[in-house]
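Asks: With chain A held as given, fit chain B onto it using these hints.
The listed protein sequences correspond, in order, to chains A and B. Position 204 of the first sequence, counted from 1, bears residue number 204 in our numbering, the numbering being contiguous throughout. Position 165 of the second sequence, counted from 1, bears residue number 576 in our numbering, the numbering being contiguous throughout.
Hint data in this document are derived by calculation from the structure and do not stem from the laboratory. Note that the coordinates shown come from a computational prediction; the quantities given were computed from them, not determined experimentally. Some hints here could point you the wrong way.
[Stated by the list, open to error] Derived DSBU-like pairs: lysine-lysine, alpha-carbon spacing no greater than 30 Å straight-line: (1) B:Lys645 - A:Lys242; (2) B:Lys438 - A:Lys234; (3) A:Lys75 - A:Lys49; (4) B:Lys438 - B:Lys645; (5) A:Lys27 - A:Lys49; (6) A:Lys411 - A:Lys27; (7) B:Lys822 - B:Lys486; (8) B:Lys653 - A:Lys234; (9) A:Lys27 - B:Lys568; (10) B:Lys822 - B:Lys759; (11) A:Lys157 - A:Lys27; (12) A:Lys411 - A:Lys348; (13) B:Lys568 - B:Lys822; (14) A:Lys157 - B:Lys486; (15) B:Lys438 - B:Lys460; (16) A:Lys242 - B:Lys759; (17) A:Lys75 - A:Lys411; (18) B:Lys645 - A:Lys27; (19) B:Lys653 - B:Lys486; (20) A:Lys242 - A:Lys75; (21) B:Lys460 - B:Lys486; (22) A:Lys157 - B:Lys568.
There are 2 protein chains.
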Amino acid sequence: MSNTSLIASSERVLADLNALRAIGAYKTGVHKPTFSDAHMRSLVWLTEKLPDAGLTGAIDGIGNVIGVSSKSGAKLLAGSHLESQNHAGWLDGPLGVIYALEAARVINADPFISGAVEVAAWCDEEGHFGHFLGSRSYVGLVSDADIDAARDRTSGKSMRDALRDVGLSDRVRIVTQPGRHVGYLEAHIEQGDLLESSGLAVGVVTSIVGIWQYRISFEGEQNHAGTTRMAARKDAGLALAKFCVAIDTHFPAACGPRTVWTTGRIALDPGAPSIIPGRAEMLFQIRDDDSAAIDRLEALLHAMAGEVTAAGPCRVTVERIRNGAPARMDSAFQEEIEAASQVFADGKSIRMPSGAGHDAQMLATVMPAGMLFVPSIGGISHHWTENTTDADIVRGAQVFVEACRRILVQK
Amino acid sequence: MSNTSLIASSERVLADLNALRAIGAYKTGVHKPTFSDAHMRSLVWLTEKLPDAGLTGAIDGIGNVIGVSSKSGAKLLAGSHLESQNHAGWLDGPLGVIYALEAARVINADPFISGAVEVAAWCDEEGHFGHFLGSRSYVGLVSDADIDAARDRTSGKSMRDALRDVGLSDRVRIVTQPGRHVGYLEAHIEQGDLLESSGLAVGVVTSIVGIWQYRISFEGEQNHAGTTRMAARKDAGLALAKFCVAIDTHFPAACGPRTVWTTGRIALDPGAPSIIPGRAEMLFQIRDDDSAAIDRLEALLHAMAGEVTAAGPCRVTVERIRNGAPARMDSAFQEEIEAASQVFADGKSIRMPSGAGHDAQMLATVMPAGMLFVPSIGGISHHWTENTTDADIVRGAQVFVEACRRILVQK
Numbered sequence: 001m002s003n004t005s006l007i008a009s010s011e012r013v014l015a016d017l018n019a020l021r022a023i024g025a026y027k028t029g030v031h032k033p034t035f036s037d038a039h040m041r042s043l044v045w046l047t048e049k050l051p052d053a054g055l056t057g058a059i060d061g062i063g064n065v066i067g068v069s070s071k072s073g074a075k076l077l078a079g080s081h082l083e084s085q086n087h088a089g090w091l092d093g094p095l096g097v098i099y100a101l102e103a104a105r106v107i108n109a110d111p112f113i114s115g116a117v118e119v120a121a122w123c124d125e126e127g128h129f130g131h132f133l134g135s136r137s138y139v140g141l142v143s144d145a146d147i148d149a150a151r152d153r154t155s156g157k158s159m160r161d162a163l164r165d166v167g168l169s170d171r172v173r174i175v176t177q178p179g180r181h182v183g184y185l186e187a188h189i190e191q192g193d194l195l196e197s198s199g200l201a202v203g204v205v206t207s208i209v210g211i212w213q214y215r216i217s218f219e220g221e222q223n224h225a226g227t228t229r230m231a232a233r234k235d236a237g238l239a240l241a242k243f244c245v246a247i248d249t250h251f252p253a254a255c256g257p258r259t260v261w262t263t264g265r266i267a268l269d270p271g272a273p274s275i276i277p278g279r280a281e282m283l284f285q286i287r288d289d290d291s292a293a294i295d296r297l298e299a300l301l302h303a304m305a306g307e308v309t310a311a312g313p314c315r316v317t318v319e320r321i322r323n324g325a326p327a328r329m330d331s332a333f334q335e336e337i338e339a340a341s342q343v344f345a346d347g348k349s350i351r352m353p354s355g356a357g358h359d360a361q362m363l364a365t366v367m368p369a370g371m372l373f374v375p376s377i378g379g380i381s382h383h384w385t386e387n388t389t390d391a392d393i394v395r396g397a398q399v400f401v402e403a404c405r406r407i408l409v410q411k
Numbered sequence: 412m413s414n415t416s417l418i419a420s421s422e423r424v425l426a427d428l429n430a431l432r433a434i435g436a437y438k439t440g441v442h443k444p445t446f447s448d449a450h451m452r453s454l455v456w457l458t459e460k461l462p463d464a465g466l467t468g469a470i471d472g473i474g475n476v477i478g479v480s481s482k483s484g485a486k487l488l489a490g491s492h493l494e495s496q497n498h499a500g501w502l503d504g505p506l507g508v509i510y511a512l513e514a515a516r517v518i519n520a521d522p523f524i525s526g527a528v529e530v531a532a533w534c535d536e537e538g539h540f541g542h543f544l545g546s547r548s549y550v551g552l553v554s555d556a557d558i559d560a561a562r563d564r565t566s567g568k569s570m571r572d573a574l575r576d577v578g579l580s581d582r583v584r585i586v587t588q589p590g591r592h593v594g595y596l597e598a599h600i601e602q603g604d605l606l607e608s609s610g611l612a613v614g615v616v617t618s619i620v621g622i623w624q625y626r627i628s629f630e631g632e633q634n635h636a637g638t639t640r641m642a643a644r645k646d647a648g649l650a651l652a653k654f655c656v657a658i659d660t661h662f663p664a665a666c667g668p669r670t671v672w673t674t675g676r677i678a679l680d681p682g683a684p685s686i687i688p689g690r691a692e693m694l695f696q697i698r699d700d701d702s703a704a705i706d707r708l709e710a711l712l713h714a715m716a717g718e719v720t721a722a723g724p725c726r727v728t729v730e731r732i733r734n735g736a737p738a739r740m741d742s743a744f745q746e747e748i749e750a751a752s753q754v755f756a757d758g759k760s761i762r763m764p765s766g767a768g769h770d771a772q773m774l775a776t777v778m779p780a781g782m783l784f785v786p787s788i789g790g791i792s793h794h795w796t797e798n799t800t801d802a803d804i805v806r807g808a809q810v811f812v813e814a815c816r817r818i819l820v821q822k
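In isolation and in its complexed conformation, chain A is listed as follows (with noise of 0.2 Å):
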């Protein structure tokens, strides 16, 4: 067994990043929603390479990619997701799955390394059809009456027609086997600007923040935008912008140190310029790694909305959609992930929680997992001008790979 590092090739993961960044580019960066043709192609592109790595894998039943070693000894799963949000980044994903190839084809081939990394690409990690469907189904969290209901958020067009249109239709659904894998790690940029601004190279992920989604209804009196006289109103769009915000101004008293939270979407009903809306509805998010603050906070929320409705004029609903637990990275994990650190980036690592959710805090319920961030310029994501400078992204697989390294022969 051998105690020697080993090197990723800078050369190698460059190019294959470049190359997926080239398949459904957008500006500097893609524009691959889950089974797009860019995303499918992004796919094949990924098993065609899994040999070069000594894997074999295919698409399966729900669009992951999972490539296989018949090494022998302890196997590590490593990963993350190829298709992006609408019009967004080229590293958020595809890093984290290139970091894995290259892991697979540095390790797997080392005859004195006893085990090997195996590469998963989840599919729709980024929720255009729902959350985290292809790591929840590996983990055997989906049922196939969750893929009845689940809908394209963009076109609603149907999860059974969209498998259907890519062929996928008749595949099976891929599900972890008990006690393959030593764990599960992943790479992923960092989505924020902690790194970037503190100077640092390597993010060592503690927890992945639990996401705790909301639909705050407002039901007041649809009328007409001319005729009804402003003390007559019972407007539901006015009462949806007081809510946000007092919700502005009551949460930073009630909230953690780390919470943050967010209107993503806002819908009046019926949405036309001469009418009164009479419903409108707002999409809000929380996000804590302390189920204690959310706690208070969605209490919080449902005094407001008590307050708000017996005031008048509106009705307001709270309703919990989306329920997500914190998850707590294994703390060897972080020790090796910090060991490599100081072995190919001066130590310039630091312990942080995850404010962004990823696949591996699904995996997380199954086996031990970790994560480690790269720096993202400006700390932006979720827009085609995400970047990370090239030195980091090399020096994140080298990281990465001697973490898989450290990992594997720890067992």
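Replies: Below, chain B alone, put in the same frame as chain A:
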């Protein structure tokens, strides 16, 4: 020339209105977007009714129906519209068309009256493709380029495609013949609760308010909803909500006694639950019959936008996209409607401005114009529950026919 009152047939008026309600029925209202099958069948229904009123006419190249008379003497034009807002009321539009048709049936057949009522159904008063495209076309204010640019606000379909699909591409657009008409008279439901709450039967419209419309845009920075700290955010959606609330706070001190304002539509970009909106946009409308009040409010909007932009973190832009001067109704027409109300409604009429826009404001640019309102139950409008009692419908028809007669015999 007769000086005897002529009486509308209550059975005929109610039967016609119910026949139109049956075309495109939705609950107790109708769903007849412009150029929908239900709208087109309603127009055909009207053209088939014209001969009974001594009129001939067809659907023209923009979807207007104009029934003309060959009778000698003065001509009064009367009408309204047959399409509806989406899932809206059965009387908004059809009431005025059927009153006009009934006036033509009663008056045009009377050999003792020199003159005739001509009937119009103006296309797209409800603004699916623009605003008042039909009546504006008739008064000569719509260019071919305007039609090229028009799109259905719900489906995005171009007006050219819609005209082609309903077979109107090759028809000419009929325009007003200067001097042909002594004026234009239109009846409509009030769409407010003044008449009902005051126990009155007829509203004599003095003016139609101007409608000013604005696109207010907010520019922040699109980012990840999990990884971006609250303090670092430039949330365009939150800036929009704050702006709505600020309007609600500051407008009452600057507006006139009858000013109304409405935010009818809000869009966050990209509108995904896990992305901080980088851009947001609201459609904002102000209505008043007093241009000075509008000037004050528009200046206030710009001042507020300047303050928000200066304070940061988002940039606000206010763009006026529609500018509608108030239209005065002819004073002699107002007197004839009041006189007719003395005969048929025990004088239970009141002079009032119209807070809603109507085709009469377009006709008023080329001829004397008048309008009368009948009560709306609960003031409800642009919703399928919109309604008026049969008694009020019939009384309104009698007043309308008598007002038409009086206007014609004065000429």
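Asks: Take the hints in turn and mark each one as holding or not.
Replies: Verification of the supplied hints:
1. In summary, the hint linking Lys645 (chain B) to Lys242 (chain A) is supported, as the alpha carbons are separated by about 19 Å, within the 30 Å threshold.
2. For the hint pairing Lys438 (chain B) with Lys234 (chain A), the CA-to-CA distance comes to about 23 Å; that is within 30 Å, so the pair holds.
3. At most 30 Å may separate the alpha-carbon atoms for a hinted pair to count; Lys75 (chain A) and Lys49 (chain A) meet this at roughly 19 Å.
4. With a CA separation close to 44 Å, the supplied pair Lys438 (chain B) and Lys645 (chain B) exceeds the 30 Å bound.
5. At roughly 26 Å between alpha-carbon atoms, Lys27 (chain A) and Lys49 (chain A) fall within 30 Å of each other, so this suggested pair holds.
6. The straight-line distance between the Cα atoms of Lys411 (chain A) and Lys27 (chain A) is roughly 44 Å, outside the 30 Å bound, and the hint therefore fails.
7. A hinted pair counts as satisfied when its Cα atoms are at most 30 Å apart, and Lys822 (chain B) with Lys486 (chain B) qualifies at roughly 9 Å.
8. For the proposed pair Lys653 (chain B) and Lys234 (chain A), the alpha carbon gap of about 19 Å is at most 30 Å, so the pair holds.
9. A threshold of 30 Å between alpha carbons decides the hint, and for Lys27 (chain A) with Lys568 (chain B) the separation of about 28 Å falls inside it, so the pair holds.
10. For the hint linking Lys822 (chain B) to Lys759 (chain B), the alpha-carbon distance of about 26 Å falls within 30 Å, and the restraint holds.
11. Only pairs whose Cα atoms come within 30 Å are accepted, and Lys157 (chain A) paired with Lys27 (chain A) is accepted, the gap being roughly 26 Å.
12. For the given pair, Lys411 (chain A) sits about 26 Å from Lys348 (chain A) by alpha-carbon distance, which is consistent with the 30 Å threshold.
13. Simply put, Lys568 (chain B) and Lys822 (chain B) have alpha-carbon atoms about 45 Å apart, too far for the 30 Å limit, and the pair is violated.
14. At roughly 55 Å between alpha-carbon atoms, Lys157 (chain A) and Lys486 (chain B) are farther apart than 30 Å, so this suggested pair is violated.
15. Only pairs whose Cα atoms come within 30 Å are accepted, and Lys438 (chain B) paired with Lys460 (chain B) is accepted, the gap being roughly 26 Å.
16. Distance hint between Lys242 (chain A) and Lys759 (chain B) is unfulfilled; the C-alpha atoms sit about 41 Å from each other, more than 30 Å.
17. In summary, the hint linking Lys75 (chain A) to Lys411 (chain A) is supported, as the alpha carbons are separated by about 10 Å, within the 30 Å threshold.
18. Between Lys645 (chain B) and Lys27 (chain A) the alpha-carbon distance is near 22 Å, which keeps this suggested pair within the 30 Å criterion.
19. For the hint pairing Lys653 (chain B) with Lys486 (chain B), the CA-to-CA distance comes to about 53 Å; that exceeds 30 Å, so the pair is violated.
20. Between Lys242 (chain A) and Lys75 (chain A), the direct Cα distance comes to roughly 53 Å. Violation of the 30 Å bound is thereby established for this hinted pair.
21. Between Lys460 (chain B) and Lys486 (chain B), the direct Cα distance comes to roughly 19 Å. Compliance with the 30 Å bound is thereby established for this hinted pair.
22. Of the supplied pair hints, the one linking Lys157 (chain A) and Lys568 (chain B) holds, its CA atoms being roughly 20 Å apart against a limit of 30 Å.
The structure shown violates the earlier hints numbered 4, 6, 13, 14, 16, 19 and 20.
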